[in-house]
Amino acid sequence: MVHRKRKRFSAFLWHRRAGLAAIILVIILAITGIMLNHTESMKLDETFVDSTLILNWYGLDPTGEPVTFGIGKHKVSQWGNQLFFDTKVITSSEQMLRGAVQSERFIVIALDSELLLLAENGDFIERMPTSTSFSNIQRLGVKYARPVIETSEPVYYYMADEHILDWDLIINEEIKWSQPVGLDDTEKKKLGQAYRGKGLTLERVVLDLHSGRILGQFGVYLMDAAAIALLWLSLSGFWVWLQRNTKQKQKKHYQKHHR
Amino acid sequence: MRHIRKILLVPLLLSCNALYAGGIYQQPDEFIKQVFDKSPVSVKVIWPDKKLQQEITNILGHEYKGLRIRYWISGTKTAWVLDEIGKEKPITTGIVINNDKIELVKVLAFRESRGWEIKHDFFTKQFENAGLDKNIQLDRDIDNISGATLSVRAVTKLARLALLLHQQVSKDGSS
Numbered sequence: 000m001v002h003r004k005r006k007r008f009s010a011f012l013w014h015r016r017a018g019l020a021a022i023i024l025v026i027i028l029a030i031t032g033i034m035l036n037h038t039e040s041m042k043l044d045e046t047f048v049d050s051t052l053i054l055n056w057y058g059l060d061p062t063g064e065p066v067t068f069g070i071g072k073h074k075v076s077q078w079g080n081q082l083f084f085d086t087k088v089i090t091s092s093e094q095m096l097r098g099a100v101q102s103e104r105f106i107v108i109a110l111d112s113e114l115l116l117l118a119e120n121g122d123f124i125e126r127m128p129t130s131t132s133f134s135n136i137q138r139l140g141v142k143y144a145r146p147v148i149e150t151s152e153p154v155y156y157y158m159a160d161e162h163i164l165d166w167d168l169i170i171n172e173e174i175k176w177s178q179p180v181g182l183d184d185t186e187k188k189k190l191g192q193a194y195r196g197k198g199l200t201l202e203r204v205v206l207d208l209h210s211g212r213i214l215g216q217f218g219v220y221l222m223d224a225a226a227i228a229l230l231w232l233s234l235s236g237f238w239v240w241l242q243r244n245t246k247q248k249q250k251k252h253y254q255k256h257h258r
Numbered sequence: 000m001r002h003i004r005k006i007l008l009v010p011l012l013l014s015c016n017a018l019y020a021g022g023i024y025q026q027p028d029e030f031i032k033q034v035f036d037k038s039p040v041s042v043k044v045i046w047p048d049k050k051l052q053q054e055i056t057n058i059l060g061h062e063y064k065g066l067r068i069r070y071w072i073s074g075t076k077t078a079w080v081l082d083e084i085g086k087e088k089p090i091t092t093g094i095v096i097n098n099d100k101i102e103l104v105k106v107l108a109f110r111e112s113r114g115w116e117i118k119h120d121f122f123t124k125q126f127e128n129a130g131l132d133k134n135i136q137l138d139r140d141i142d143n144i145s146g147a148t149l150s151v152r153a154v155t156k157l158a159r160l161a162l163l164l165h166q167q168v169s170k171d172g173s174s
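Residue numbers (numbering that gives the first Met the number 0), protein chains in the order written: chain A, 0 to 258; chain B, 0 to 174.
Possibly wrong hints are sitting among the right ones.
Listed below are the simulated BS3-like cross-link pairs for lysine-lysine, each with C-alpha atoms no more than 25 Å apart in a straight line [claimed, not checked]:
| no. | chain 1 | residue 1 | chain 2 | residue 2 |
| --- | --- | --- | --- | --- |
| 1 | B | K86 | B | K156 |
| 2 | B | K133 | B | K170 |
| 3 | B | K133 | B | K32 |
| 4 | A | K87 | B | K64 |
| 5 | A | K142 | B | K43 |
| 6 | B | K88 | A | K87 |
| 7 | B | K100 | B | K133 |
| 8 | A | K188 | A | K87 |
| 9 | B | K43 | A | K87 |
| 10 | B | K64 | B | K49 |
| 11 | B | K100 | B | K170 |
| 12 | B | K133 | B | K156 |
| 13 | B | K49 | B | K32 |
| 14 | A | K74 | B | K64 |
| 15 | A | K87 | A | K72 |
Derived from the structure by calculation, the hints contain no laboratory data.
As the structure is a prediction and not an experimental result, all values here were calculated from the model.
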């Protein structure tokens, strides 16, 4: 039986292994590095990503369908946790949109336990937590141009004064309730664009690919490993070259003096 | 092994405590009821003009989100429920001013995972009887809490803002 002699540590072998293991990551590092060096000329900071897959990965694409209430020619919508006046972002809220009405002086928006007041042009006036007085708002309506809210458990109806400072208990009569409306495809597309705001730049994606952050903390470690592999490749490459060079010199020396 | 388990358990318990220390401590209307008790109180609003808006921006370091600010008044006492972001989420604070001096600061809601220590009396009591100097700064130093610097800054800004707004409504009786 022939026992093969166990190989000693071979720099060349590990140079090859490290090179093969890191090949894809090193290609990504190199290409993204070159791209980042030319951000301005390649206009990476002005190019916005349109891919649903990438936007979803970054959590920038809204989930579900928008809920919209119409106020004259304007619309108040909620998509995800963002609230919009037409396509202008008002604020964000985890609460559900219950209605929007035009009162004497303000546009009033009702959430589960919060009211928002806007000016007619959509400027933000005030955020009013309804606190314990009117939690569980179910509907928002209007009566005599004053906002009315319906609460649950128990079911009560409250009407505000013209400044929306005080609320009085009223009976459920002659209240015109705010009704949800649908959005056509163009409106929905515009709202989607508004949701993403200025959007995700290609520079951000390339930067995250380069650093590995696109895969979270794991990606960062992965790119660290690729960088260490690159370091190893340069050192082991030098070592292999040095060994071969020395051997060739020895060989030439032997051929010259021992023939 | 038991010792290792104990060592692991202590930071776990401490972190759980930190996670659950935030939240809503008191509803704004309960705060107002408690502050004014049975005194007649009326709710008013101030619409800051451009000059006041600029002063507010100087205090907060950003524009105030909203065109009007609600307050409650009874005699020379006013109460304000204001929001300011500590790190990422708003801290709701109730502030009572009487004769241009702070009477009470109370953190009503803290929504972030760190910095909730500002809710304690040892911190909020520092604001009692504080007023504004000529530079619209508090006339006293407020001690920081390590690990809660941003929350301390947010509440200090709100204290200055409430004093400024109180001065304004006392001056012109806006409503």
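Flag every earlier hint the structure violates by its number, smallest first.
3, 9 and 13
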